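All chains, please: the whole structure from these sequences, using the hints.
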Amino acid sequence: MHAEILTKTPDSGYDISKFVSKHMFVIKNIKELNSVTEALSLCARKYPDLFALKDDYSKIRLTFKEAYEKVNLVIAALQTLGLEKGKHIAIFSENTAKWLLIDQAILACGAVNAVRGSLAPFEELRYIYEHSDSEALVTDSIDLIKKAGMLSASRIEFIVYIGNEDISNLETEVPLYSFENLVEMGKGREVKRANISRDDLATLVYSSGTTGKPKGIMLTHGNLVSQLINLHPCIVIPSNQHILSVLPIWHMYERMVEYYVLYCGSTLCYTNIRSFKKDMKKYRPDFIVGVPRLWESIYEGIANEIKTKSNIQRGIFYSLLHMAKRYRKVRRLLDGTCIHNQSPRGIERFEANIKMAYLMPAYNLANKLVFNKIRKALGGKFPKCISGGGALAPHIEDFFDAANLQVVVGYGLTETSPILTARQFAKNKMYSAGYPINETEIVIVDPDKLTLMPKGQRGLVLAKGPQIMRGYYKDKEATDKVLLKTGWFITGDLGWITEDNCLILTGRAKDLIVLSNGENIEPDTIEQTCMMSDFVRQIVLVGQDKSSLGALIKTDEETMIKWAQENGVKESGVEQDPAFKKMLLKELNEKIAARSNYRTFERISNLSFVSDGFTIENGLMTFTAKIRKNMVFEKYERVIEEMYR
Numbered sequence: 028m029h030a031e032i033l034t035k036t037p038d039s040g041y042d043i044s045k046f047v048s049k050h051m052f053v054i055k056n057i058k059e060l061n062s063v064t065e066a067l068s069l070c071a072r073k074y075p076d077l078f079a080l081k082d083d084y085s086k087i088r089l090t091f092k093e094a095y096e097k098v099n100l101v102i103a104a105l106q107t108l109g110l111e112k113g114k115h116i117a118i119f120s121e122n123t124a125k126w127l128l129i130d131q132a133i134l135a136c137g138a139v140n141a142v143r144g145s146l147a148p149f150e151e152l153r154y155i156y157e158h159s160d161s162e163a164l165v166t167d168s169i170d171l172i173k174k175a176g177m178l179s180a181s182r183i184e185f186i187v188y189i190g191n192e193d194i195s196n197l198e199t200e201v202p203l204y205s206f207e208n209l210v211e212m213g214k215g216r217e218v219k220r221a222n223i224s225r226d227d228l229a230t231l232v233y234s235s236g237t238t239g240k241p242k243g244i245m246l247t248h249g250n251l252v253s254q255l256i257n258l259h260p261c262i263v264i265p266s267n268q269h270i271l272s273v274l275p276i277w278h279m280y281e282r283m284v285e286y287y288v289l290y291c292g293s294t295l296c297y298t299n300i301r302s303f304k305k306d307m308k309k310y311r312p313d314f315i316v317g318v319p320r321l322w323e324s325i326y327e328g329i330a331n332e333i334k335t336k337s338n339i340q341r342g343i344f345y346s347l348l349h350m351a352k353r354y355r356k357v358r359r360l361l362d363g364t365c366i367h368n369q370s371p372r373g374i375e376r377f378e379a380n381i382k383m384a385y386l387m388p389a390y391n392l393a394n395k396l397v398f399n400k401i402r403k404a405l406g407g408k409f410p411k412c413i414s415g416g417g418a419l420a421p422h423i424e425d426f427f428d429a430a431n432l433q434v435v436v437g438y439g440l441t442e443t444s445p446i447l448t449a450r451q452f453a454k455n456k457m458y459s460a461g462y463p464i465n466e467t468e469i470v471i472v473d474p475d476k477l478t479l480m481p482k483g484q485r486g487l488v489l490a491k492g493p494q495i496m497r498g499y500y501k502d503k504e505a506t507d508k509v510l511l512k513t514g515w516f517i518t519g520d521l522g523w524i525t526e527d528n529c530l531i532l533t534g535r536a537k538d539l540i541v542l543s544n545g546e547n548i549e550p551d552t553i554e555q556t557c558m559m560s561d562f563v564r565q566i567v568l569v570g571q572d573k574s575s576l577g578a579l580i581k582t583d584e585e586t587m588i589k590w591a592q593e594n595g596v597k598e599s600g601v602e603q604d605p606a607f608k609k610m611l612l613k614e615l616n617e618k619i620a621a622r623s624n625y626r627t628f629e630r631i632s633n634l635s636f637v638s639d640g641f642t643i644e645n646g647l648m649t650f651t652a653k654i655r656k657n658m659v660f661e662k663y664e665r666v667i668e669e670m671y672r
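In terms of the numbering used here, the sequence shown is residues 28 to 672.
Keep in mind the hints are simulated off the structure, nothing from the lab. Please read all numbers here as calculations on a predicted model, not as lab measurements. For each residue, glycine too, the CB sits at the ideal point set by N, CA and C. One thing to keep in mind: the hints can contain errors.
Stated by the list, open to error - Subject to a maximum C-alpha distance of 30 Å in a straight line, what follows is the list of computed DSS-like cross-link-like pairs (lysine-lysine):
1) 537 x 656
2) 356 x 400
3) 174 x 240
As the list claims (entries may be wrong) - Label pairs and their computed distance ranges (CB to CB):
4) 198 x 84: 22 to 32 Å
5) 72 x 481: 49 to 59 Å
6) 623 x 343: 55 to 65 Å
7) 381 x 72: 47 to 57 Å
8) 478 x 400: 47 to 57 Å
9) 339 x 623: 31 to 41 Å
10) 208 x 533: 46 to 56 Å
11) 639 x 503: 32 to 42 Å
12) 384 x 623: 42 to 52 Å
13) 507 x 431: 26 to 36 Å
As structure tokens, this is what we get:
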């Protein structure tokens, strides 16, 4: 396949010479690594007394030297239990510092870990354990330990518990050890790190996905090491920074970030959704890594707070926010970070400078009266934020940008270890997925013919690089569908490329809605636009093979109550009120029509409301907050059909 290759990230204007000089010891040696586990020893020598891990929920605080020593003890214990190179062991657990420590030990033994969260349905965990050919189990779940006898038709040689409860009186049919037991067992024993090459399999990552049974994505040590090498200097994290960890570590995005943070000599601070706000103030982190839902929840919290203010206060807030958004938009044009106008003409730059001078006083006032208060409410110091795991809605980006709160976006898939592209803090091109990281090649092709598309035209995104998976475990047919013989990986995402090689994503190829008139619609961007409405908490567009678009909507409870009070309608009857439905439909279509690339057939013709919404608990959302649309369509099949009668 002939394709134009994108391999180089443009000059960001960020001077990294001091950073590279300061960290050359680690960076230089990382390029010589065969396994991510070797890098911890480098950091133990470079930063022995800096904290590597702070997990107060597991009562773990370890310096780099202490973390390295702890991993060695666990290696010795696991080898005593028979774990050797090539064996497979399952890790079914949520986020904890113990997860990272035992992961490093398993990989150093040359073994392969198959990972998933312990909160996944039991049948899914049983499938993964058996499919991955695992012979032992690591988990933080007492319930899962009690069900171990039903977990697999094959044997379980031993179980390691990495939770925080007392298991001394827990009876099991197989040997059971706590993490602390392993540490004690390893004392005085010889540590024999395996001889590992980059071609050796490191992990099988099972993602819940949005369709079908989970696939075991085979990632090698070379895949993982390539990410450590090539994230420099795209994402620059100096040593001795605090990074707040809130995402599930079995998700490849969080896992790779945790590897990378440690190898930069910084501290991982563990939290959870319930304690997030408290720990923001406690650790005052320099960086936060999250998924779009995290930033949305922060935005919603601020928006709900504003709703409690007087009409005058709300008016001032939204006026200043509007002016700040306009100011930042003009500034992006002048900074060269506007994706729709890469090279503004002289007259455009002249007009932009005038607008910027006009808007600057209002922007400064907004910073003083509004945005500084928001930063204080978030711990006094809002950190740099890295978002991944899905697209960030434009109105969320606009808000954080107006408040001068830096959020950059990365893009990739579990199959790509996971990072393919990333934006930079120094040149944050909003609404984009960023530039390809080093050694990574991106092309846009025709979805049907796989022929190269010109820059600026939308098509299917293909990727190539050292981070691309080996394939799906024991599934050659599925592997051949996404890995071409030429080495290109079919991402399944749709997008286009700017003149300076920045990737813009527009949706998923398999999520396309084809109307009965043959028109193709990418629902993601329309759904994000509709989410700008205060009434919409969640939305899924429908309309496959229908004459027009429809929408399933979970409404925002507080906004609905307010509307009911203002319009003299019973709170329980708002969604059945014809006037409300007409009003909301009009509002959504106005927002859709205001999009720059609006097409008339993208109008929504009908709405239906879902009371339960789409959640992890009801199985309609993955653990990374992606809606499982195929399951939504199945559950609400009758409701959807009623919309078109």
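Need the list of violated hint numbers for this structure, in ascending order. Hint check: 6, 12, 13 fail, others pass.
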